[in-house]
Every structure is written in structure tokens, then in C-alpha cells.
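What follows is the residue order along each chain.
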Amino acid sequence: MRSFPVNGLSDDELRAQAARTGLALRVDELRRIAERLGRDPSIVEAHAFDAQWSEHCSYKSSRHLLRKLPTEGPTVMQGPAEDAGILHLGEVHGSRWGVVIAHESHNHPSQVVPFEGAATGVGGIVRDVLCMGAEVIAIADPLRFGRVEDPESHQRYVAQGVVDGIAAYGNAIGIPNIAGDAYFDERFDDNCLVNVVALGLIREQDIIHSAAPPGSEGWDIVLVGKATDTSGFGGAAFSSVTLDEADEDANKGAVQVPDPFLKNVIMRATYRVFEYLRERKITVGFKDLGAGGIMGCSAEICSSGGYGAIVDLDDVNTAMKNMPPEVIAVGETQERLCWVLPGEVTPDVLRIYNEEFSLPQIARGACATVIGAVQGEKRYVLRHGDEIVMDVPIDFLTGSIRDELPVRPMSERKVTDPARRYVVGEHDAAQLLVRVLEHRDVCSREPMYVRYDGAVRGTTVIPRGYASAGVIAPIMGSPLGVALAVAGNPRMSKADPYLAAAYAVLEAVRKVVSVGARPLGLTDCLNFGNPQNIEHYSELVHAIDGIGAAARELGTPYVSGNVSLYNESKTGNAISASPIIACVGGIDDVSNVVTATLKHAGSALFLLGRPQNAVGGAAFAELLEQTGGPVPPIDYERAIAEIAFFRAAADAGFIRSARSVGNGGVLATLAQMAFPTLQPGHKPLGLNVLPARAWAGDGVGEIEAYFGECGGFVIEASGEDAQALASIAAEHVVLMRIGEVTSNCVMRVAGAALDLRTLYDRWSKPLTEVYP
Amino acid sequence: MSLRTIAIKLKIPDNAAYTALSALRRLGVEVARLERAEIWQLEDAGSERDFAARVERNETLFNQNKHELQVLDTDRPRAGEAWIEDLDAKDVPLRIAGVNRARRFVAWRLFSAGHTPADAAAVRAAVDQLLCNPAIERAITA
Amino acid sequence: MRAKVAVLVFPGTNSEIETWRICRDVGLDTHVVHWSQAASLPNYDAYVLPGGFAYEDRVRAGAIPAHDPMMDYVIEGAQSGKLVLGVCNGAQIVLEAGLVPGTGAVRKPTAAFTRNAAAHFVCKHVYLKLTIPPERCAITAALSPHALIPAWAAHGEGRLAATDEHLREITDGGHLAFVYAHADGSVDERAVPNGSALGCAGLTNREGNVLAIMPHPERDAWNYNHPDRRQTDNILAPSGGVMLFAAFAQALERL
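Chains as they are written, first to last, in our numbering: chain U, 1 to 772; chain B, 1001 to 1142; chain Y, 2001 to 2255.
Keep in mind that a hint or two might mislead.
What the hints assert, rightly or not - Below 27 Å or equal to it, Euclidean Cα-Cα: the simulated DSS-like pairs (lysine-lysine) are:
#, chain 1, residue 1, chain 2, residue 2
1, U, Lys570, B, Lys1090
2, B, Lys1090, Y, Lys2082
3, Y, Lys2082, Y, Lys2108
4, U, Lys60, U, Lys378
5, U, Lys570, U, Lys494
6, Y, Lys2124, B, Lys1090
7, U, Lys599, U, Lys765
8, B, Lys1066, U, Lys494
9, U, Lys494, U, Lys68
10, B, Lys1066, B, Lys1009
11, B, Lys1090, B, Lys1009
12, U, Lys570, U, Lys60
13, U, Lys765, Y, Lys2082
14, B, Lys1066, B, Lys1011
15, U, Lys494, U, Lys599
16, U, Lys68, B, Lys1011
17, U, Lys765, B, Lys1009
18, Y, Lys2124, U, Lys683
19, U, Lys765, U, Lys683
20, Y, Lys2004, Y, Lys2082
21, U, Lys321, B, Lys1011
22, B, Lys1090, U, Lys321
23, U, Lys599, Y, Lys2124
24, U, Lys60, U, Lys494
No lab work stands behind these hints, which were simulated from the structure alone.
Given these sequences and hints, build the entire structure.
Right under this line is the structure:
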């Protein structure tokens, strides 16, 4: 076994050798490995530890922070232990049904090859949900891009390629895209963020765990999917290998190549395997392959069950001959999954994949095949040819490691001086509204999401663009609904990562509530810069505190998530701290959903929530070159009361339409509620907005009231229900009448009468330049 | 003004070519290997020397992580090749300095066993049975 | 005996479940038939080809699946008068197989559902408007004249394209079964999501037993799919896009 010399080398020599080999392991980590093994690690072992001890697999600088998040509650069926969390949705025919949720990033690959990077991001998250035993039912995509104005810029290319990649993959596998958001900011010029969320559906008794089950010693380890190639593996180790001519088409680079066609078939074959196993009531283990490839997946699934594993790399279906063992072991080829199965069912499962669903005919070299066995001895062993190329204590390989990194205390966090009185001059609110609607973070996202299939599966209740959250009714024959929304405002993060993270939680929760759902739980994807940099690491620590505070206050548990660090360019430009939150909601009967399209002329319009003067991070403040103001603090008591009030009003049927107040503030939110009525064949409606002084509250400026982004809800109710609505408003709830719906296609505000069609044109146009 | 022809080929596996190859074999077309490329015919006012570099700067056309670019010494399909063009193809506006007109084709390159170009009959059969829908496309062969 | 309907699954199909579900909801004895079960296809009375990306639209949408062994049975069935309904990718396959407009030979298409005018996938709520006399096509015979059916357009290649001569054949031969329309039934260019020639959303063949439609009525086929047009009815009951499938079921009863 070829070794990776550690003992006898100086720190400098060791560092240089690691760099040459393409390893990110630090000198102290390499020495720790050599010490524990009692010898130099083999090349394969060095690569294996490099993968397992990366932040991506080990969460070494974030796991202890994530422990601070609330992960328990009556809705939690499975907390953050495996590839995805599970939230209790409701009961149908005596079975408890759960919504599986996973949230991941694919930032760096998307910056390099946007189409393939984003597509494989969708592919990966779908596998995380699938491997819980679930049917995949929806996806969502929070995106952050750089400045895209220049048509020849790399940023423009990335922004286009990412959307095309998400569309190509999600559409082909047939999963509706029901939520998402997009921000454009110079802080993402060098690093785009491509986050993906996937939902699945499962009955509690059908959950499959990513662990070898009790009594599984000697069971088969079965690899399913695409032939293993060198994708996702550094080129250095591979350049020395000569290729057979027949291997010319195989993937030789570091680009992860998506194959949604193969994935579509693997998903359907896997559903068939689920059915087969459930009929026979067989408990198995199932996990998707991600970072660390075959080695990472098979080691984690076996160690989680308290076992070891022995895998024979010669049994892996590879795309080319003569692949070095370390590449077969840790390469990150897409579209692969791993089962732990009792020997007696293996032939049937292989038959389902290979014959009934004919994987070998779908993609070159694809198949399901036995590659190893679960063993009682808690070691992880890899065989290649006649050699043992890896033999390590399995818990040492997969066990938790932790990096202690310097961090600033919360009291020293970098925020704008809250005492600073924010100055907003006299501005023509009507003129400003037009500019706010055109703002890149407020304008219509339709040019992007029109490319995503939002209605496949026939379960869609509220597609994208019709409300602040998407809704599906995923269980055939049941009125139960699932709502999904995402949030995370990078403009706010620049001012205060702690509050921005808390706002992301509050905004995601409000969005889900605004369609009439009860929030079930949260996931996060924490996209930050280099944790070795105290500023960036402190941002991460404070953002997690913000998520924890908001999640606890609002009573929404956190069930899964992902951390993406090192989002910075070679020159050290880091992204804006980006805690991105997804919230899942449950709806007992989708008959009661609330959409955001205005319904009737004559309805009364209300604002539920109180405007504030602090406008840090708001889109309008940026337009007025007033950046740097403080982010408004969150009054949780009031936010909770508002949410409770909204849900009571929705359940009582008082709400004709509603939207959570988002980017652009109250006026932009109102305009967006009117826009869908302008579609041909519909009855166009208009808006009369009362002057801000009539509803904004003492001391709050007109502009801040119209355009501030501290949230709340805009509600349309019938004139008759207005009284009843006000009567159920309890303590802490501020419900102000802000106007009425008219039938004239005009928005009257601040003394002006704006043609809604003109506003619609201005709002809908900006992104058509980027997404023609 | 010169007419220059380039082929942009995936250097990552071309799944579409693999599926097309399987389909052609099922249809009885004698083909051992199939390659696919995007062909661009560009009317170029710039110099030949930096032509490839100018094209490679256009990211929507060329990404070095997944593509390889070849400047062809012919503006016609070679032996074993069929170039497919949309009947209603319009000039594609490309942002390449010096280039003012562009025509796009999808090129299929068929090989028989032994890595020699497939014969004209095989190319014709592939075009007629699968690669070209004459209602919307025209095929040019060697 | 109830008519037996096969919903075909090619490698890459993705809409088989909702298609199966709406066929079941209109009372049809419906079975999902997978490519490895192709040999069972002669036992069915009608074929529904659902949406998706059969063979991922490689080469051209519908081109490779049109040559799939499953299509041998479908073509044979269509020629013997069985009803065939293709939706979205199913419509592309039926067209590439030469079954609609059916003015050329088998597997020699005389038209195409090809790349949208916008050159990208478009997902948009639309309406299908019946433009032929209902009885011209067996599957639409039970619809009222000018019936308006809600549906989702969701495709990257849905624009009807053909030579002028072939387009004339389509209009003159009464093959243009459906066009795109607005919610109020009005028809103009803005109602067409993809730049389709003739505003075409659906084609039938000469005999009227094959129908190919690009938009998906089965995605707007239950009350919950249109919450803004909510009735007091059972939220799970079929509505809207079910019309087309109900007419399909009635046609099968008559056979």
C-alpha cells in the first residue's frame, strides 16, 4: 500500500507535500492521523481523512454552534441527525405523515460551471430527501448573484447559467419548483450562492435511516447509479494515469456532470424498491453519496449503526479502467446512492434497478451492484486488487472533530450605531414607488421562475408568483397542504448579521403564515466567508445566535441545515454574510389557503404590524444613498401576536387576500397584490392608499411607513368583515386600515394617481434584460 | 471579411450523444461511436491570429471547464458528419468583437468500428431516421 | 366492461401519476405501463402518453421515444382505431411518430413541436380553446363547441412549426384541434406562450382518434389547483381541466 509519509517530515515539508497531493488537511491533523494509526497513512487513507475531516463533512468549526439551535418540539419527527429533517404534517387514515426537508448549497461549482453546478445542486438535495425513504414533492431555490448589468460579465453568465441548470434538472425529474428568492449585490460578484431546498413526503412507519440497522452484520453494501468517474476529484492525482481509448468519453475533469435523465429513472426505481421493502416489512439502511464519495457514504452509514465496513473497490462500476483506488474511493460522481441490505433481498433489488428499470441501458456503465459488506469489527477497510489500501478505526474516520477558532463576543459585533438617527428627506412617495418597484431586489422574478416547472405532479395549490409562499397538496385523497418559503436579506446582513439572521427566520415564518399555514419548522443554509478570519467567523457565530433566538421565540424548531464556508475569492473578497432560511408550513385543509391576488373592489385593506423608522438594509434607503442605517430591532411579543391574529382571522375566513410585507415595503407589496388582476381575461382592480400619517403611528416618517421593510402583513377583507376583524385584534396587535380596493386599475397614493399597468410594466421589465 | 468555422465540443461526457448512439444502433444504423458538436460559422472582420481567443472570451459560447474549441479548416461537413440547421434559423447576435453574422449547426460525427468515419449510407440513414426532422430542419452531409 | 387505459412511461417520463389519477377519477380502468412491460400494451383499449422528458429530449423532443418499442404498439393501435391521447411530451412523441397531423408516413413527421419562440422552457397558466367541431375528433366529441379548458403550459419545445404547405394541410384538413386563449375565451398573440404557428395548442389526425395537446389540463384538474376560483365543492373533486378527460372517458364508453 502506497503511503503518504508523515513521520520524519518537518512541518514545512509536510505542508508542501499535502499541497502537492491536493490535500486540505492541516499539519496537525495529519500528525494526529499518523499517531492514531501508529504508522504513516496510505495515500487512500490520506484522501479519505481529507474528505471526512473537511468542513463539508465534519462541520468542525460549526457543529458546536449549531447545537445551540432549538431542535425539539411537537412537530419534530426527526431532528438534524441525518441528511434531512422530518416534520409532522398530519394524520391520514391513522398514519402520521411527515414532510422531509433538506437544504444545501452548491456555490463554488456554480461559480465555475454555472449550468452543471446548479443542476448537480438540485440533484444532490433530491437524493438527500429520497434516501429518507420519501417521495420527493417540491424544490425551492434561494439565489444570490453579483452585479449582472454588464451583458458581457461573468456575473451575467453565472446568473443565466444557474437558472438554466436548475430548470433543466428540476423540470426533467418532474419536481415542482414552488418557492425561492433572488438578490443581486456586488458582494456576490466573485461568489454566487446557489442554495436548494427539497421537500419529501413520508409516513412515519416508512422512514429509512442512513444507518446500518441492528443485526446487519454481514449484510450487503449495494451501490446504485452512475459509473464512478473522476469528477469532483482534483486533477493532480489523476494526470499520471494513461487512459484506454475506449475511456475517451469518460469524465476526466473536476466538473460534476448532471444526468437528470438517469436520476428520473433511479428515483422511480427507488420508489419501487421502497414498495418492495415495505411489503416485506424489511428494515434497511439507505444513504446518498455526496462529499467523500463511496468511502464517505459507506463509512458513515455503517458507523452510524455501530458497525464497520469492508468494501472492495474492484467491484465498483467505474467509467474507465485503471482508476487509482483513492479516486474510486472518494471521487464525487453524481447520481449515486448506497443501500445496506440483507443478502436475501439483494438479488430482487438489483433486478429492480438493472432489469425492470434497465439502468445499464439508461446511462453508460450505470447499474446497481454489491460492493462490500457490513462487518462487526469497527474498522473501515478498503480492498483494491490484492491489496488492503485502507484499514482504519471507523469511528476515528467519521467521528466528530472540532476546530477552536477565535471569535468576537456579541457585544463587540460590528453593527451600525443604533443611536444614529436615520435621515430621510422629503421625497415624492409616488415617484419613489416607481423606482422601488424597479429595484433589482424588488422587481418581478417571473423571468426566472417562468423557466421552472411549477405545476408538475398536479399537486400545486399556489404556484410561484401568486403569494409569498408556495403551497402543494401532496397526499392524494387528503386535503392536507404543505407551504414552503425562503428568506435571507443580504442588504440587511451588511448592517447586522445577527438581526439579519433573526429577520430571515421571522420573514420565512411570516411568508408561510401569509398563505394560511401553521409553521412546522425550519432549515438553514449558512453561507459565509473563511472561518479562519475572525470577522467572518464572528458573523457566522452571531448569525447562528440570531437564528436560535428567533426560532426559540417563534417556537419553530430547526430540523436540518447546511454550512457553506470559504465563500471568498482568491483576492479575499468575501460574500455578504448569508444565513438563508427555509420554513415549512402545514395546512389542515387547502380549501382555506390565502392567496395574494386582490379579490373584490370595495374591500378594505389593512396593515398588520407597525412601521418603524429604522430602515437599515431597505431597498429604498439604498436608492436614496442612505445605506448604513441601523436594522430595526424585533419585538417578538408583537410579532407572535400578529402571527396568532393572522391565523385566527384566516381560519375565521375573514381574509380575502394577503401578503407578508417584503422587499420594497408596504406600497410595493400592495402593488404586487393588484398586478395579477391585470392579466388579460381578468377584471382589473385598483388601490386607494390612505396617507401614511393616518396609519403609520406617531413619529414614523411617511417614507419609512411606505417603504420600510420591517415586515408585517397586508390584508384584504370585505367591508363587513372589517369590524369583526378589528374586534379579534388582541393586545399587542396593531391593525390599521390603510386603504381600499377599487375597480379602476389605478393606484392612488400620496396625492398621485398611478396607472397600475405602467407600474406593472416598470416592475416586470428589469430582469427580462438578464433573462430574455 | 472572412468566414470562419468553429466546432465547440463538450470535454465532459456527452450524455445526449450516448443516448443518440444507443437509439441509432437500435434502429440498425451501423455506427460504433458518435460525437456531437456545436458548429458556428462566423463572418469575422477581425484577424485570424486572435480569432480563437476572441471566441473563447464569450462565455455563453465557450466555458473552458467543459468545452474544447476547434477552428475547422473547412466550412463543410467532413466524412461521417451531418450538420443539422433549423429551417427558420435567424442570425444569432453574438457578442464577439469583429463578428457580425453567425450561423449555428448541430454536428453529428459518426464513426464505424475501427475509428474510421462512417460511410455515406450510414450517415444518410441516421439523418433520415433520427437526426433531422425535415419539417423544421435541414441536414448537410459530406 | 370498463375501458382499459394504459398510461405509458418511457425512460424520462415524469407526469404519469397525475395523468393516471385524473383518468381514474373520470372512471377509467387505468394502469401505468412501464417500458419494460411494453408487451402488455395490446391488451389496452386506449393509450395516454403523459408529459415529461422521455430520453430527456435528447436529439429533439419526442425523436428517440418515437422509435421506442412501446410506440410500435401505439402506432398499431392507432391504425386500428384505438384512441391515443398525447399530452406535452406525449404530444411531441405522437407527432414525431407521425400520428398527428398524420399527413405523412409513420415516423415521418410533417411538423414539429419545437423550441419555443423565447428559446427557453416556459411554465405558464393557459387556456385551450376547441376550434374544431367537437365531433371531428372522438376524444373531443363530448365537449361543447369552443370549449375552454384551463391548463398549464410547461415546455421548452412546444411551438408548432412546419412548412407553409404543411401548415395549410393542418388548417384545411381540420387538424387544428385547439388554440391558446385567454380566460375569457378571447384569442390573440399574447395568449400563446410559445410562438406556436396558428396559435396551435393541439392537433388531431384525419381519423380523429389521436389527439396531441401541448398544455397539461391534468395539472389544473382538481378544485385545489385553482384556489382563487374556489367553489364550495369538495376541494379534492375534479374540476377545470377534468373536462378533457371526461370527454375522453365518454368517447371510450361509446366505442
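How the hints compare with the structure:
| no. | hint | result |
| --- | --- | --- |
| 1 | U:Lys570 to B:Lys1090 | violated, 41 Å |
| 2 | B:Lys1090 to Y:Lys2082 | violated, 41 Å |
| 3 | Y:Lys2082 to Y:Lys2108 | holds, 20 Å |
| 4 | U:Lys60 to U:Lys378 | holds, 22 Å |
| 5 | U:Lys570 to U:Lys494 | holds, 21 Å |
| 6 | Y:Lys2124 to B:Lys1090 | holds, 26 Å |
| 7 | U:Lys599 to U:Lys765 | holds, 25 Å |
| 8 | B:Lys1066 to U:Lys494 | violated, 35 Å |
| 9 | U:Lys494 to U:Lys68 | holds, 23 Å |
| 10 | B:Lys1066 to B:Lys1009 | holds, 8 Å |
| 11 | B:Lys1090 to B:Lys1009 | holds, 22 Å |
| 12 | U:Lys570 to U:Lys60 | holds, 23 Å |
| 13 | U:Lys765 to Y:Lys2082 | violated, 48 Å |
| 14 | B:Lys1066 to B:Lys1011 | holds, 5 Å |
| 15 | U:Lys494 to U:Lys599 | violated, 38 Å |
| 16 | U:Lys68 to B:Lys1011 | violated, 46 Å |
| 17 | U:Lys765 to B:Lys1009 | violated, 35 Å |
| 18 | Y:Lys2124 to U:Lys683 | holds, 19 Å |
| 19 | U:Lys765 to U:Lys683 | holds, 22 Å |
| 20 | Y:Lys2004 to Y:Lys2082 | holds, 11 Å |
| 21 | U:Lys321 to B:Lys1011 | holds, 18 Å |
| 22 | B:Lys1090 to U:Lys321 | violated, 45 Å |
| 23 | U:Lys599 to Y:Lys2124 | holds, 21 Å |
| 24 | U:Lys60 to U:Lys494 | holds, 25 Å |
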